[in-house]
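Q: One letter stands for each residue in the lines below.
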Amino acid sequence: MRPFIRPPRRVSTALVLLATLAGPPTALAQFRPPPATEAQRMTEQGDQALVSANAAASKGDKKEAEEKFKKALQLYDQALTQEPQSVAAATGLGSAANALQDFQRTVTRLAPVFAQNPSDLSLAYPLGTAYFKLRRFQEAVPVLEQVAAADQPDHLIVHYYLASYYLYVQDGNRAVTRLQRYLVLRPEKLAGNDFQIHELLGKAHLLRRDAAAARASFEKAQAGRAESATAQIGLAAVLEMEGHVPESRALLERLVTKFPQVAEPKERLARLYLAAGDVPRADIQATALMKLGATPAAHLLLGDVRLAQKQPAQAEAEFRKVLELQPGLLLGQIAVGKALQAQARHEEAIQFLESAVKSGGGSLELWATLGSVNRRAGRYQRAVEVHRRVVEMSPRQALGHMLLGADHFATGQWDQAIEDYGSALQVEPGHPGAKQWLARALAHRARDRAGTQRLDDAVRDLRRAYDLDRSVAMARRLGAALLDSHQFAEARKVMEGAVTLPGATWREHLLLGYSRLGSGDAQAALAAFTQSGEATQEPDQRAEASAGAALAEVELGQVDAAVQRLTDAGPSKTASKVAEANLPRVLVRRALAKLEAGDAVSANRDLDAVDRLGTGKRADLAKLAAFARALTRAEEGKFAEASAGLKRSLTPAPDWAWPNTRSLADAWVLYRQGKVAPSRKLLTAAQKKPMPGQPKWMGSLTGALLRREAALAYASGNMKASEKALKAALTATPDDALVQHNLACVDWRQGETASALTTWKRLEPVVAVASLNMGIDAQERRHEPAEAVDAWRRYLAAGAGPRAAQVREWKDRLQGLYGLGDAQGVAPATGVAEETP
Amino acid sequence: MKTPSCVVRWSVLLAAVLFAAVPASAAPKKATLGVFLATTLSDGQERFQYAEALAQKLEASLGRPVAAKSFGRYEDFSKAVGEGQIDFAVVDGWAAVQLGSKAEPVAYAPRSGETQQRWAIISTQKGTVKDLAGKRMALVKGAGPADPKFVSNVVLGGDLDAQKHFKLVPVPNVESAVKMLEAKGAEAALVPVAHVPKDMRVLFKSARVPGAVLVDLKGGGDALSQSLSSVGAVAPFDAFARIQGREFEDFRKLVTQGPPRRQPVFADTPDLRVETPVLVQSESLGPALPPFADDLAVSAEQPDD
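Those protein sequences? They're chains V and F, same order as listed.
Residues in the first sequence are numbered from 687 upward in steps of one, following the working numbering.
Residues in the second sequence are numbered from 650 upward in steps of one, following the working numbering.
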């Protein structure tokens, strides 16, 4: 993963440089004062010969010029032999030897003199030039920089040399500086060639990844000239850098036809095809390039095409040819290493690159490749060692960190990999590869951490990963970790976003469902589960979605539907597990709901089902089931069992119980048992610290206890106590018709019959027993059997109650005795005789 | 009908006297079964046959000799009881009550599956009970003063005072009551519904009242009770049926004290039910979510350069 290293550009840069170096230097003669010694005399003669030579050269008389240069060289050589420290002789020798391209002589003769006169620019200039021409850049660059710093118009060419070198080593900034200096210093007569400088400037800006400046330079290079292949190629590179790959490809496709003899468009185009995976077209261009000339670049390209065609042996052959043509060429060496490795000849690849490193003095690229080859061969230790070297060589580049990241990633050392990719992003913020692999490494570490119960750390990693990589997969991971750590609101936020991302599946909807469910929005959860089920055809996945929907339905009170769904959980193992984990809970919950409606039979049925299913290891749930069972027993009137069950299920207090649950439940059972006083005592204690949602029910129990107390007192004939309790009940619920009615009963018993009768009359439409009591008043107090019969008939018409049989007997008897109302009392004797023998 | 039944009665008495005169050969001691069913069995011969058949069965079951005595009138029966002649007896429910605490009810003698029967006030005339104010009503005679109580408290349910409303005419049994009515010796008669002649009008029908009852009169209730299972049905009755709980005591109380005065009744308020959130913290009832660890998986893809 090294997107910033573009071998094609490097190759072309190198080739341009080679061309530059092959051309004659534009050197200018220098004037020297006459010598005083023999050596000086010879030097002076040498100078004259040199002037003649330059004059001949400028006239185009190559033969004459060469002759004069040789003469000058001979004179300078003698002078310097006689006077080895003569700066003038050395300077002359350098100029003549350089003109004759005898750079080795220049270096040999000038180096000792320059060592004595390190600040002498007249020596530095020819010596630097000679080093440069000999490609001894390590020695050339400092000397040439010294010359360039003096900014002398005579030494203009030095800026050009340096710029060429900097382009070669891809130091765009220094190249730009030198090229701009060159443009400032160059005499007007050379302005016609500025377009070449602008092209180089364009390339330097490309190295700096400054697309705008590069475009400006290439456009300047192109301005006013017929379409230039090099400028256009530069513009294609700019387009590519700007991300306009199709436009760049279109331009190159035009250039290969317009300039069929120019190599670079073909090479660039082939590289674009390769990057896009269009190997056949790349092959066509590579083959065409080879026809133009079997250059190293052509072989390199063809080798890469062969690699892409999975023909590593043929690729190796091409790369070996590159090295034959240009021994030691870095890219060639790297390519051979890769081709060897592609043939699984790892050891050979490593050995090849190790020796290349030893002989070539370690370029960044080579070290990088060597390390990666080691990694691919499984030698992680060596890979890390070598890649650390890359980081040391170029700490301001992401490359080394990326490579180390890959090494650590390969061995699952997530902490180090994360650190490496983090460093890569520090030096190159926005590096897409670094972002991508940092996110992946974080995801790996999060998975490991989640596996060892470090969910919070996992969540932190995944949050960072999701910031770097806002993909569906990463959102799902983060959502899952948040769900597992019960951060439902956070999970919901993430998953709400995830389902809107392209590529979201049933699974994201499922997770959204669970996070909505966990955060208490069952309605929305049900919608998500439904959508999840609709998003897949797989029976297993649909079963999982259905299990989720069941849980949402429970929360929405659709318990029967949920039980149905969970009972037929479907084919998925996961869905069955969800059902298994939830069915007992749902049944307990439904049992409690049935109890709320007083349906003990159904509650028992559900609790029996829970017993059959078992509650697994969920001790709390088992206790909850036992608790529900105890309440059911009370509802059935089995109070002793109920009390024992409550005690068992609430000692020690389970997590689901409120602190006062025991008191309240016992109070309720005692109330149902009719034990008012002890019930009230427990209720009063529980009321001291009411829990959320309890006060209303506590009020209801208080009222119920008062009503029960009143009924018991009334039954035992204690009218005072009954009246007191009823009045107390009325203060809380003054509109309670039943309590008003019962208070009238007490009034009647205490002699306030008229007011009682008024109350009953008023309440008769809502309280059926009022009719019964009005009948009793009529018969017992006022001896009005007809009125009593009417009242009781109304009572019986209002619906059968527990007293209906008794009241019917009363009514029938009065009717029989007094011949009242319907025919029942005067049934024909025959019928009766037959009915009851 | 009248002559044969009288003959039978006398012959029964004669047989009983003869039987009693025979000295007891040896222990165990002989027991005497009394039968007084003046309102349950309307035929003297039937009563006699029943007494004989039952005595035989009891003898077999108790393993001691049992003699039968059938009575036509309450005063005869009551006298025999008072003299200690009777060990146990099958009597009409109302009569069992009149015997007081010395009679321990042991079992019902059901007929056609019924331990209870309704009573009817019948008349030859159309009308209502109310219309019979001051009129004569034939009533099978028991102890005397207790008889109107049975009518007022049980038959009329306390809603009418029989003694004030009617002139009560005592008769020995239901046949006599019907005859009295037919002979215009009374305007109405009180008889069990089963004995209502077809041509009579039923003016009123009572609630269900216990019918024939087996009572122990000499404290041998337990032994008697235990022997009943092997006695079985003796026509026209079914097998004896144990008296449940205080059922007969309640009846006795009703006869002697009358029904309690009706009092206004409370409207039943619905029972307060539990509310789950009051007792259980709701989050503990929350769903058990599946694990999502598998969603954390990362592909095995490696970075490469």
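By construction, these hints were calculated from the structure, which means they are not laboratory data.
A couple of the hints might just be wrong.
Said to hold, decoys possible - Straight line, CA to CA, 25 Å or less: simulated SDA-like cross-link-like pairs of lysine to any residue:
1. V:K1367 x F:T925
2. V:K1333 x F:Q930
3. F:K828 x F:P797
Q: If a hint holds in the structure, say so; if it does not, say that too.
A: So, going through the hints one by one against the coordinates:
1. The straight-line distance between the Cα atoms of V:K1367 and F:T925 is roughly 21 Å, inside the 25 Å bound, and the hint therefore holds.
2. Under the criterion of a C-alpha separation no larger than 25 Å, the hint pairing V:K1333 with F:Q930 is consistent with the structure, at around 18 Å.
3. Of the pairs offered as hints, the one joining F:K828 and F:P797 holds, with about 20 Å between alpha carbons and a cut-off of 25 Å not exceeded.
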